[in-house]
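The working numbering runs 19 ahead of the 1-based position in the sequence shown.
Worth flagging that the hints you see were computed from the coordinates, not collected in a lab. All values reported here derive from a predicted model rather than from experimental measurement.
Restraint ranges, calculated between C-beta atoms of paired labels, are given here:
1) H202 with K164: 11 to 21 angstroms
2) A205 with Q131: 20 to 30 angstroms
3) R92 with A137: 14 to 24 angstroms
Where is the CB? At the ideal position from N, CA and C, for every residue including glycine.
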Amino acid sequence: PALVSAFEAFCASPARGAARLYVLGDLFDLWIGDDQLREPLAERVASALRDVAVSGVPVGIVVGNRDFLLGRRFAAAAGATLLPEQIVVDLAGTPTLLMHGDELCTSDVAYQRFRAIAHDPRWQRGFLALPYALRHGVARWLRRKSTAATAAKPEAILDVEQCAVDAAFRTANVSRMIHGHTHRPARHHLVVDGRACERWVLADWYDRGSY
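Take these sequences, add in the hints, and give me the full structure.
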């Protein structure tokens, strides 16, 4: 509850002073379909974002690995635009690559296999066709399984792979990247093909609000 209140406070003040607001995935720990808006917490979060949009600040959302089923109904409720998995935007004159970042963790082969399945439109349609209560149970089981699997993996596997980071910089032809997912907040300086680059990693909101 305290974190939801912190998010509402963020949306009511700092977010409204921005040119744009970008949410880079994992807005929710679980999202089992846009009918989840029936739940009070989900509706509160959508309402807070909608108020930002109404204030004149465009809101863009990149889905994460935990809320990849966020869809058009949620976007409409939040007054937001669903963005591609990777997007280059101009931030104060600097082209910047925005993404959730899970695709950079290529050493975690098991997760990448799951990611490929979970992002398959056919799998998503099949899952969303299940009754809400069943989807809720399946999602919680998958979350517990993921937590246990993550705890058993070496720390290095859970972080980004440098070659994947370099490739993303090259493909997007940018010198700045911002992502979340790993929850290891930092500003990394690196050189890719002789070009100075920076990679910003966003924190999670488990202990405190951050942006």
